[in-house]
Amino acid sequence: MDDRHTLSDYTLTRRGLFRAGGALGIAAAVTGAHLSGLTPAEQALASAPRESTKLNVLFIGAHPDDEAGNLGVFGQWNEYQGMKAGVITVTRGEGGGNAVGLEEGPPLGMLREAEERKAVGYAGITNIFNLDGLDFYYTASAPLSYQVWDGAAVLNRIVRVVRATRPDVIVTMNPSAVEGNHGNHQQAAMFAVEAYLAAGDPDRYPEHFDEGFEPWQPRRILRSGANGSGATGEGGVAAGFTPTVASDVVFGCWNGTPSARHGKRWSEMLDLARWAYVTQGWAEFAAGPTDPAKISNSWFTVIHSRSPLTDPRSGGDAALRGAALPIDGGLPLGTLIDVRPARFEVVAGEKSTVQVTVTAPPASRLAAGRLSLTVPDGWSAGGAVDVPALNRGRSHTATFQVTAGSGDAPGTQVRVDATLSAGGASGTTFAQLRVAGAVEATIRPLDEIQEFRSWTAGLGMKHLDVLVPELFAIGQGRTRTLEIVVENFSSQTRSGAVALTLPTGFTASPAQKSYSGLAAGKTTTVAFEVTNTDTTIPTANRAPNKGSWPVTVSATSEAGTAERAVTMNLVPTYAVQRASTAPVIDGIRRDGEYPGEPIPVDTIWDGSPMGGTTASISAQTWITHDDANFYLFLSVVDDVRGTILPGSDNKRQRRTDSVEIYIDPRGIAGNTAQTFIAGIMPSMDSMTGAPGVGRDRDNWQGEASVTAPGMQVEVKMAPTEAEYTGYDMEVRIPFSVLPDNLDPEHVGFNVVINDSDTQNKAAQRRVGWSTFPGMRADPWRWGIITLDGIQDAGSRPKEPTLPDTAARSVSSPQSILQSASDNVPLGGFSPTSHELKVLKSSISAGVVTVALQSPRAGTVRVFLWDGTQVVGSAEKQVPAGRTEVRFGARTVATGSGTSLEGTKASPVLAVSFESNGGVHATKAPLGGRSV
1 MDDRHTLSDY TLTRRGLFRA GGALGIAAAV TGAHLSGLTP AEQALASAPR ESTKLNVLFI
61 GAHPDDEAGN LGVFGQWNEY QGMKAGVITV TRGEGGGNAV GLEEGPPLGM LREAEERKAV
121 GYAGITNIFN LDGLDFYYTA SAPLSYQVWD GAAVLNRIVR VVRATRPDVI VTMNPSAVEG
181 NHGNHQQAAM FAVEAYLAAG DPDRYPEHFD EGFEPWQPRR ILRSGANGSG ATGEGGVAAG
241 FTPTVASDVV FGCWNGTPSA RHGKRWSEML DLARWAYVTQ GWAEFAAGPT DPAKISNSWF
301 TVIHSRSPLT DPRSGGDAAL RGAALPIDGG LPLGTLIDVR PARFEVVAGE KSTVQVTVTA
361 PPASRLAAGR LSLTVPDGWS AGGAVDVPAL NRGRSHTATF QVTAGSGDAP GTQVRVDATL
421 SAGGASGTTF AQLRVAGAVE ATIRPLDEIQ EFRSWTAGLG MKHLDVLVPE LFAIGQGRTR
481 TLEIVVENFS SQTRSGAVAL TLPTGFTASP AQKSYSGLAA GKTTTVAFEV TNTDTTIPTA
541 NRAPNKGSWP VTVSATSEAG TAERAVTMNL VPTYAVQRAS TAPVIDGIRR DGEYPGEPIP
601 VDTIWDGSPM GGTTASISAQ TWITHDDANF YLFLSVVDDV RGTILPGSDN KRQRRTDSVE
661 IYIDPRGIAG NTAQTFIAGI MPSMDSMTGA PGVGRDRDNW QGEASVTAPG MQVEVKMAPT
721 EAEYTGYDME VRIPFSVLPD NLDPEHVGFN VVINDSDTQN KAAQRRVGWS TFPGMRADPW
781 RWGIITLDGI QDAGSRPKEP TLPDTAARSV SSPQSILQSA SDNVPLGGFS PTSHELKVLK
841 SSISAGVVTV ALQSPRAGTV RVFLWDGTQV VGSAEKQVPA GRTEVRFGAR TVATGSGTSL
901 EGTKASPVLA VSFESNGGVH ATKAPLGGRS V
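For the sequence shown, position 175 (counting from the first letter as 1) is numbered 175 according to the UniProt record's numbering, and the numbering increases by one without interruption.
Simulated from the structure, these hints should not be mistaken for laboratory data. Quick caveat: nothing in here was measured; it's all calculated off a predicted structure. By construction, the Cβ of each residue, glycine as well, lies at the ideal position given by its N, Cα and C atoms. Be aware that one or more of the hints could be misleading.
Unchecked claim - The calculated lysine to aspartate or glutamate pairs, modelled on EDC-like cross-linking and capped at a C-alpha distance of 16 Å, are:
hint, residue 1, residue 2
1, Lys651, Glu234
2, Lys522, Glu703
3, Lys294, Asp386
4, Lys513, Glu529
5, Lys513, Asp534
6, Lys513, Glu563
7, Lys546, Glu103
8, Lys264, Glu284
9, Lys118, Asp311
10, Lys651, Glu703
As the list claims (entries may be wrong) - Simulated restraints, written as ranges between beta carbons of each label pair:
hint, residue 1, residue 2, range
11, Gly607, Thr501, 33 to 39 Å
12, Pro544, Ser514, 32 to 38 Å
13, Ala690, Asp788, 31 to 37 Å
14, Ala874, Ala582, 34 to 40 Å
15, Glu234, Glu703, 50 to 56 Å
16, Ile644, Glu703, 15 to 21 Å
17, Lys716, Thr412, 38 to 44 Å
18, Gly349, Ala527, 28 to 34 Å
19, Ala520, Arg261, 56 to 62 Å
20, Pro107, Lys716, 33 to 39 Å
Could you build the full structure based on these sequences and the hints that come with them?
Structure representation (structure tokens):
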């Protein structure tokens, strides 16, 4: 028996930082949902009984708007179950698009924070924690996101916020490296999983304890969304969700529940929330259905639960039962049942250990009881075991020996359920296992996929890898070496052979490869040469199977045969011929300038064609080269010209008609930070008609005049709208601007055309050459070109030049006002050991004077905030002790003198302080002291 204190036995003792100012929050000020009788400034200063910042639910995402799809559910949980939710966003989204203006970088981040606060306010959420991570550009790479964000530091800050707010349930995005998953989203969710495991561990981040944040153990973590099928309408949750992975547990909540608070359905409130994200173009989203039968259910997949679960079909609050809400007739709230298998893969006939730890609630004793493990039919797990009575916060661990049956095929996902019966009640939670063959073989994954798999193994969360596709690409008519990893999951040394089964038109050499003496738990690697022999097979997603060609990898051993299914993508290839004379970049294709046939750029990749065909948008691309440059000529057929943007709006090419040219110099890039991506808008400035030329999402994003010196673009377009049928574009790209030397036998290449037929700054469809879902972020799925007469000078990669200016919480009056009230440190950073105070303040002749008491030297930022905007501000380095800060405020003339511009009520001073890596926030009414 293991009877010890656990993390849930800790009690919070900090008085200073957990002292909450009772802020009603900016989101409430914006929406006026509960406080319509108060002005925004009065709402920001409104006080309530001071209490600890305790959340029931905490959403963790990467950007403002990542939480949007959950707001109908969070609003219901708040209105009808009294659940208080909060939101963490790693970034403020300053690298995203802007559909309403030219702001970018930190100013855009502040706009997006304001949008987020308005949106979540509809759901009753007032606590938003922006962690000051840099939003750079779209990527599918979680490792690149980790690198840019300084991931170790961000995880530290997330854990600090979790310990400060003490949520029972964490909700996040998909942490798995599934196809098309945004790398920022994936990495934010990976942080959420790590924080769920780390926040209650007293050995992790002990510096938090000196700051007053003691260990806190969340009871459940959910992924927003699910793979599988579930019905819409009010009865959808009761009907249940059918997951793709049978062992998944999926909860649901109907968005059509009426809101007594708002006098609308929550689906309508969800529309209002989405429309608040105006910079992202969401204000133009159509309203959701009003027919109750068509209103959606939101689904949540259990990543892990330490607490008992109730039947997912039992209602819209079932996801909270056992963690944040009691289960009717169940074990006392706070009882934990943590199921931890020793390994994820189990082999038929072999034993595996499963440990189950039962912990009594922190506030009550748990009666003695019995613990049993339920396994699939044909398996064995032994009988139930006794669990002694446990004082509050005490634990008992039992160990079960599980033997897998022989009736499940390798690859089957199963669930083991642990049930505790104690004091006349019972509760159940679970863990997932995978039935494995004694020996299995599969392709060596991409480096980033392998990194993800190592992460899941290190955390004991390998079930998160189940839906990650196993993919590889091969060029049309080409041969590639395919490495196969052979792994022995059994307890005995094994020998055998590996073989590939390929579709017609592809061959593998040799037919099979042998392995021998593979020890238990070890791996070995064998290699095959895979060739596309039939060059008439359609490439990319042009094939009926959308370019997903099935391949079976079979591994035989003394214990039998196990098969793994992987997917092959066939990418197009093209031999680029050298130009006899360098083309003249003038937008005209002359005879002999571009030898060879054109590349077709006409396959729908994203969106749908107008009228059921691709006639509304298509292109042909000619490409050639000399010793120092690529030359491209594109003839684009288009029926409607998109928005003509001002010359100052040369960014975010998908806002209108545009061409994107992708080049991976050596054909081995793991993500787009190692590539060149040109974005060209053919007609921007309505006066000059000059094209907008830049680089996007690549090794050096920005205006081509800076990031691609020597690049030339000329466009020929119809002189009038009536004559418009498309445009011709000619481009020169110097090899010198590429992020590495060229491998002339394997250059990754693609062309994508964005087509906008509206004036709302959004493209409706995209066509390309090598087209797959998620292709723009997957260089390995671009086409392959070869260059004649070019020598390989070897790899000399350039380090990426990435955006480096993030919007910061110390510069956000909205974040400052919240932190001054909930006392969670700005940006999740370490708090200063002593507080900065506003002693007094005044305004005279448009000049604001603020007297401060500073605990030490540092940087102070003071904002005069009227509830909706900043009307004056200052930043100053201050010494320790008393100091004054003066700044001008925007005023307007009145009949009796002047008043602050736009202010209808007493304004608020929002003050942040930074010193030695610590932060502090305070607030005060103009003319008063710190609140």
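Verification of the supplied hints:
no.: 1; hint: Lys651 to Glu234; result: violated (43 Å)
no.: 2; hint: Lys522 to Glu703; result: violated (50 Å)
no.: 3; hint: Lys294 to Asp386; result: violated (49 Å)
no.: 4; hint: Lys513 to Glu529; result: holds (11 Å)
no.: 5; hint: Lys513 to Asp534; result: violated (24 Å)
no.: 6; hint: Lys513 to Glu563; result: holds (15 Å)
no.: 7; hint: Lys546 to Glu103; result: violated (39 Å)
no.: 8; hint: Lys264 to Glu284; result: violated (20 Å)
no.: 9; hint: Lys118 to Asp311; result: violated (34 Å)
no.: 10; hint: Lys651 to Glu703; result: holds (8 Å)
no.: 11; hint: Gly607 to Thr501: 33 to 39 Å; result: holds (35 Å)
no.: 12; hint: Pro544 to Ser514: 32 to 38 Å; result: holds (36 Å)
no.: 13; hint: Ala690 to Asp788: 31 to 37 Å; result: holds (34 Å)
no.: 14; hint: Ala874 to Ala582: 34 to 40 Å; result: violated (56 Å)
no.: 15; hint: Glu234 to Glu703: 50 to 56 Å; result: holds (52 Å)
no.: 16; hint: Ile644 to Glu703: 15 to 21 Å; result: holds (18 Å)
no.: 17; hint: Lys716 to Thr412: 38 to 44 Å; result: violated (60 Å)
no.: 18; hint: Gly349 to Ala527: 28 to 34 Å; result: holds (31 Å)
no.: 19; hint: Ala520 to Arg261: 56 to 62 Å; result: holds (60 Å)
no.: 20; hint: Pro107 to Lys716: 33 to 39 Å; result: holds (36 Å)
Checked against the numbered hints listed earlier, the structure breaks hints 1, 2, 3, 5, 7, 8, 9, 14 and 17; every other hint is satisfied.
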